[in-house]
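There are 2 protein chains.
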Amino acid sequence: MEATPELDPPARLLMGPGPSDVSPRVLRALAAPTVGHLDPYYLGVMNDTRRLLQHVFRTDNELTMPMSATGMAGMETCIVNLVEPGDEVLVGVNGVFGTRMCDVAERAGATVHRIETEWGKVFTPDEVKAGLDAHPKVKLVGLVHAETSTGAHQPLEGIGALARERDALLLVDCVTSLGGAPVEIDAWQIDAAYSGTQKCLSCPPGLSPVTFGERALARMDARTRKVQSWYLDLSMIRSYWGAERAYHHTAPVNMTYALREALRMVHEEGLEARFERHRRHHRALRAGLEALGLTYIPDHSLPMLNAVAIPDGVDDKAVRGALLREHGIEIGGGLGPFAGRAWRIGLMGASCSRHHVTALLGALGGLLGGAGDALSAADAAYA
Amino acid sequence: MEATPELDPPARLLMGPGPSDVSPRVLRALAAPTVGHLDPYYLGVMNDTRRLLQHVFRTDNELTMPMSATGMAGMETCIVNLVEPGDEVLVGVNGVFGTRMCDVAERAGATVHRIETEWGKVFTPDEVKAGLDAHPKVKLVGLVHAETSTGAHQPLEGIGALARERDALLLVDCVTSLGGAPVEIDAWQIDAAYSGTQKCLSCPPGLSPVTFGERALARMDARTRKVQSWYLDLSMIRSYWGAERAYHHTAPVNMTYALREALRMVHEEGLEARFERHRRHHRALRAGLEALGLTYIPDHSLPMLNAVAIPDGVDDKAVRGALLREHGIEIGGGLGPFAGRAWRIGLMGASCSRHHVTALLGALGGLLGGAGDALSAADAAYA
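Protein chains in written order, with my numbering: chain A, 182 to 564; chain B, 182 to 564.
No lab work stands behind these hints, which were simulated from the structure alone. Do not rely on the hints blindly, as some may be mistaken.
Intra- or inter-copy, both count: the list cannot distinguish identical chains.
Claimed, not checked - The calculated DSS-like cross-link candidates involving lysine-lysine, where the alpha carbons are at most 30 Å apart (straight line), are:
#1 K320 - K498
#2 K318 - K498
#3 K498 - K310
#4 K302 - K320
#5 K407 - K498
#6 K318 - K302
#7 K320 - K310
#8 K498 - K302
Computed from a predicted structure; not experimentally measured.
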């Protein structure tokens, strides 16, 4: 077999839908010496990580931790632990991730009712209420806080109370929002949520933070059959994160180091300051993109994910390819019906800075024409 | 919230059942700058990793790759993709991991037949044949090549042919053996196998290499219903690893860097040299442990995992605690019926060296008495 060359990744500005740029601090933590998954030092790292996750999730939930797999496994964890075959669930579908939630729930044996709206739109509390009225046996409501496929920012206030009235749980996908916009697990009465590490937390991909409240725990405790996934079965994983420290699987030690460090940086910056940073650079990017003649797809845009329509006559792949090759900038293309029709420009965590905004507007403006106007508009927004 | 101290893991010699020590080269690769999971550079990293995994698995299987979760997810991946509800499977149970394979298969709806033998023993081909004779409808046979709970080394030659005669697939757990002892996927007619990164590959925990042959692919293609796990559904993951490069989940980019580097080191050393290194240090460790009066539990011991009985009157936790605290050496305790009765001493990958053997024998000999004799016995074995 021929030799494999030394690893030498190119320099990138990661401005797609994730992963985002990772701070050197986080990379250094990632590369700290591995210790055992039952080492007293590592148990302390787990406790720190839980406490820091509780802080960013704004929750007191004891069952708060990273699952040992990426964000989609977090979605599956929530569903397979909270749903039993035959349970009815209600899912808001307005993009890829709501669609996936339906698929995962169906694989878990659920009867899935969809409320749907156009990709890029969000649901009103009345629409959720109508869904619950139409399906009174629903035991779980799933909504996507940050629809990574469309950039839509779903308001959640009031939804938790609606679910509680019907004795349904509220499950929320906050993969893209956590650490970049408010996610108020306790105040919004969210019973379960999952996220990813590689978006606004700016940690490499590989783990999925999850959190479960008392009502979710009660639902798990009342199960009549085993969770279909052994790997994601929280009845066992809770014993590893709890006082028993019972071995379940070999934890991803170094990834947990990295997540802990990324969360320390979130805490040092402060949640409010971090959210304001995301809003500020979003406003400037938006001003610049609109100066280039690009229009935002969602009515309620996420600050950290900017989904814009590709103008007629512009070649999606040629532009993204030139950004990557000539400028080292990654932006995302569209998924599903948006393939070839949308760009998704991320401003997440360490990728949310003025130099990211300036570099992207300069490069994209150069390719589309209008760089000067775009940069002036951004500068005005910063002023 | 109080501040979280800087990450500062203690120095350890990792001589338990995994994770093993990780080379600085692998840690450096782990900390290389993150790129996107669809970046052309990362697609090349994926291709390199597949090719290097094919080399260590000794297979031409195209569907060879790391799953984005730890070894137990590799087990679950194999089972949920190869088994449909109602399928009969035959599992060899002689330790924790065979027991778990039954649990995972039952959760996938399989009817599980067990062949059992005492913990520490292995199965003969005749015992497997008798199991197949007793259950002629079996569609999958699961065996553990390296039973991490007992240190038993299951011979596999001839088993694949037995399975083929009955049109059953052979699934093998080689979590602990891969990279430290021969695993001959093609020559032994193994249809599917899974491993982990944190054993003899000496990469941090977090990924699970898997491989599937043509008969396994045909079984997947003939499925009548969706795989119950979305996250582990190979029908979609194949499209990401194949020419389509279809987005499924955000790959754990940095962990893949690390695995690629760990596999490069395996390739540079050479498989045969690496296996001989594991045998050599095992012989020396064994001589030393036996000089201390410790007896091996399995008849056929793995070289990389040495399971010995704890002598009467010796306090398991006190000894392991002293090794960790005073010497920075981690060894493993027993699982299940072996809890408090066995130690599991790993010599895996970067943890398989003369200084590991000497340090462990010196420290353990100091605690139990007899260090000088143990070290002399090991030195004699090296001579």
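Each hint, compared with the structure:
In this homomeric assembly, K320 and K498 never come within 30 Å of each other (Cα to Cα): the closest approach is 43 Å inside a single copy and 45 Å across copies. For a Cα distance limit of 30 Å, the shortest separation of K318 from K498 qualifies neither inside one copy, at 46 Å, nor across copies, at 51 Å. When the C-alpha separation of K498 and K310 is checked against a cutoff of 30 Å, the pair qualifies neither within a copy, at 41 Å, nor between copies, at 56 Å. When the C-alpha separation of K302 and K320 is checked against a cutoff of 30 Å, the pair qualifies only within one copy, where the shortest distance is 25 Å, while the shortest distance between copies is 48 Å.
Proximity of K407 to K498 under the C-alpha cut-off of 30 Å is found in neither arrangement, the shortest distances being 46 Å within a copy and 33 Å between copies. Only within a single protomer do K318 and K302 lie at most 30 Å apart by alpha-carbon distance; the minimum there is 26 Å, versus 52 Å between protomers. For the identical chains of this complex, K320 and K310 are intra-copy neighbours only, at 14 Å inside a copy versus 48 Å across copies, given an alpha-carbon limit of 30 Å. Proximity of K498 to K302 under the C-alpha cut-off of 30 Å is restricted to the intra-copy arrangement: shortest distance 26 Å within a copy versus 58 Å between copies.
In summary, the numbered hints that this structure violates are 1, 2, 3, 5.
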